[in-house]
Structure formats: C-alpha cells, structure tokens
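Visitor: Below, each chain spelled out in residue letters.
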Amino acid sequence: MKFLCLTCDEVMAFAERELPGDGTLTVIFTCPGCKREMALLTNPMETQLVTSLGVEIGGRTVPQQPMQQTRMGLESPLEDAFEAPETPPAARGPVTWATEATERLEKVPRFVRGMVKRIYADYAMEHGIHVITPEVMDRARSDLGLEGM
Amino acid sequence: MDRTETDIDGEAAGEPRKVRGYAEVSHETGSELLEQVLGQRARVSARLGTIGAIIAIASGKGGVGKSAVTANLAVSLARRGARVGVLDADLNGPSLGRMMGLLGSKFVDRADGVVPPVGAAGVLGISTELLLEEDAPLRWKGPDSDRFAWLGLTEAAVLREFLSDVVWGELDYLFIDIPPGTDKIGRFLDLVPDPAGVLVVTTPSEVALSVVSRSVAMLRDAGVGSIGVVGNMSGYYSPDAEQPLALFSGDGIRRLTESTGLELWAEIPFDPEMGARTDGGDPPGASDDSLFGKAFHALADRVERGVGGRKAAL
Chain H
881 MKFLCLTCDE VMAFAERELP GDGTLTVIFT CPGCKREMAL LTNPMETQLV TSLGVEIGGR
941 TVPQQPMQQT RMGLESPLED AFEAPETPPA ARGPVTWATE ATERLEKVPR FVRGMVKRIY
1001 ADYAMEHGIH VITPEVMDRA RSDLGLEGM
Chain E
8 MDRTETDIDG EAAGEPRKVR GYAEVSHETG SELLEQVLGQ RARVSARLGT IGAIIAIASG
68 KGGVGKSAVT ANLAVSLARR GARVGVLDAD LNGPSLGRMM GLLGSKFVDR ADGVVPPVGA
128 AGVLGISTEL LLEEDAPLRW KGPDSDRFAW LGLTEAAVLR EFLSDVVWGE LDYLFIDIPP
188 GTDKIGRFLD LVPDPAGVLV VTTPSEVALS VVSRSVAMLR DAGVGSIGVV GNMSGYYSPD
248 AEQPLALFSG DGIRRLTEST GLELWAEIPF DPEMGARTDG GDPPGASDDS LFGKAFHALA
308 DRVERGVGGR KAAL
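Residue numbers (my numbering), protein chains in the order written: chain H, 881 to 1029; chain E, 8 to 321.
Any given hint could turn out to be false.
[Stated by the list, open to error] Distance windows between CB atoms, simulated:
(1) E:Asp258 to H:Leu921: 56 to 66 Å
(2) E:Gly230 to H:Leu899: 38 to 48 Å
(3) E:Gly230 to H:Glu955: 29 to 39 Å
(4) H:Arg940 to E:Phe155: 22 to 32 Å
(5) H:Gly939 to E:Gly268: 46 to 56 Å
(6) H:Asn923 to E:Glu35: 19 to 29 Å
(7) H:Pro900 to E:Ala143: 25 to 35 Å
(8) E:Glu35 to H:Glu986: 37 to 47 Å
(9) H:Glu955 to E:Tyr29: 27 to 37 Å
(10) E:Gly268 to H:Gly901: 57 to 67 Å
Because the hints were derived from the structure by calculation, they are not lab data.
C-beta atoms are modelled at their ideal positions from N, C-alpha and C, and glycine is treated no differently.
Turn these sequences into a full structure, and let the hints steer you where they fit.
Guide: Set out below in structure tokens:
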C-alpha cells in the first residue's frame, strides 16, 4: 500500500501510527515535498487484516516473539502449553523484577507469560533499566503499543 | 480508459494527467511492510535450512487417512535412525498430536523459538491439539464481522510460525500433514514452494479419485517434481478370509496411477488393530511382519529413495 501526493508526484512517507484501543488504526503519512499530511483510518476488520499478515505499519516496536501471532490470537488456549527452559538464559543482563511487577506478571495468562516477560526485559535493557516495576511495565506498554499485554 | 490516466478536475480540457501506478513509484515509504514480509520469509528459510527433506502428505479429500499415514511413516523412519518431525497443518481438525502420543506434552519457551515436544519413536511434533483446551474448537480473536476476510490470512500466518518459530533443529525429514481441500495444498506451497516431495493419499473410492486427481494437477502446475501415490485402505485382511475384502466398490487407486502416470509407492491395508494403536498414540508403523507393517516398511524404503535419501539437502 502506497500513497502518492498528486500535487508533488512523490510517495508519501510514513510518519506516525496510533492504536486508539478500540480495534481501529490511524496511520499518518506526510508528503516529503509539500509536507501535506493525510491519515489512513481503518475499521476493526481492516485493522485485523493487517494484524493477520503479521506486520506493523511503520515497523515493529519490539522484535517478533516466537509464535506471537498464534499465542496472541488463540481463543481458549491451553494455559500451560508452554513452559520455561529449565536453565534460564544467563546472558539477559542485570534486570530484576520488583515484587509488585512479578505479581502483575503472574496475572498474565501462562500461555503468553514467557513471551511478555521477555518483551519487558528487553525493553528494560534497551533503556538501561535494572529493576522492572509496574511503572516500567506501564511505560513499556505505552511506548511499544502493547495492547492486551 | 487506461488505469493510469485519469481526468482530474481542474486540469486543462483534453489534457488527462498521468498518475503513476503502484509499480512505478518507490518502495521507500517508511511503512516497512515489505521488509517485514521479506523478514518472515527469511525466518522460514533459515529455520528449514537444517531439514534434509520436507515432505507433504496431502490428498485434497478428507477421511482418506492422511494423518494415520503421516504418523506411521514418521515412526517407521525414526526407528531406522532418522531424525523426524511432524507438523499438523490441519489447524481446525487436528489429530497428529494424539496419534503421535503428544497430548499433555509442553513446548519449551525460548527466545530463539519454541522447542517442540518429543512423541512416539522420538518424533518431534506440533499440532494445534497441543495448544488448545480439550474439546475447544479453534477460534481466533478478532472482530466478529466479516471473519472470512481475515481468517485465511491468520491461519496462513500460524502455519508460517509453525515452520519458522519451532526449533526443529537438524532433521532428516519433516512431514507436513495437509488438511482436506486443494486450496490447502496451495497454501502449503506458498510457504514451502520447493518441497522434496508430496505423498498423495487416496483410497479405492471413486469419489476420492475425482478429488485427488485435481490435487495432482495442482501439484504438477506448481512444478512439484516428486509426487508419490499412497493407496490407503486398499482392503481389509481378515484372519479368517483367504482373500482381502474390498472396503470400497471402486478401483480408484489403480485408476489414479493410470490416469496420472504416477507411481504407486505403497498400498496400505485396513487393519483395525493398527488403527486403534495409531489413534491411541502408539502408531506401529513398520514394527512387525503384518501386511500393515510390511506396507509401511516398503513405503519408508520408497520415501528414502524418492527424495534422495537422508540428509540429501543438508
């Protein structure tokens, strides 16, 4: 999908993506020539089409996690279908979890918990954060656009 | 009117403005969609690069025993020392998890992918049966209206993840059990355009012949070079009878090979005891000298020869 500015005959460039949380999607494009902006607005079904392709318009905010679409999309999943490795990866860096954050993580369905935990840990490491707190989790959700996590 | 030439209000009369089409403008939009799609394909290629031969078990027709053939062939080869995995592509009607004795097994959740559980004869496997609550139908989260518009995309993406996000490791064979419907064969070929081979399973039924013939045509159109026919439920061998009893009135297996020119790789008799073992998670494969066992012994031989032998692509 591309948008062409008819005034400048230039391809409009991705500028911003917004997920209001109601299943709709807003994507803003800007003409590099005249700087005119336009917004692509999708309804929930159209948003789902993009989601089903496994892509994020504008690029991924976090690396794709193993079987992310399967785990995020399944209704009635078997909660304990996934288990953590016996020996956790040692090279994860000095990130620890505050008690409140651990309690909050425990509320995440087990089916996706390992995946969600990795996303928060990666976010913390990228931002030089050593202790993951509920506030860090909120900031990560906001920064990364993690609806439903 | 040419689709790229449009009269725009305000233009001088008789001077249609030329609007560039999709292929005429740069892909550099900043949306990174193409990059992500190419990345998905690259992940599939990288993961499957350690697999010697990817072989689909297909038919187009339902109820011909594709999953049972997959399970028994997989254990037959595994008992010969091959490293084998099975992927149940029948997302909506899964059965390979049960047949391979995988029910209750868990995936190990790692950053580089999920490690599949080990089932009968050491065969690795993945199936939606292992991901869903017992008796729960497969349903995907999403808007209720027009689900048909995105369900196919979602299922294709899940299959892609089954290929790219499972830590298969080095395998000699990965068998993919394709669900009924010729369209599902096409979906598989979109994900794995160059399989080592496809086994087409049919029965003597005339109805199966009609459907399976279409599947063969689709595979040939797609350029699949190695296609073998497996005639399943070719007869019922009762211990009390001197001659096999026909389960179907037709002669579809022979007619399929004659009409397509394809080679019959194996004829597998119907054996209730072996069927029960397969359904119970203990597929016997070529474990004994029964007609059933001999049939899978012959099929395993033929698969090893037909796809170039173990580790051919490693």
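Visitor: Out of the numbered hints, which ones does the structure contradict?
Guide: Result: no hint breaks.
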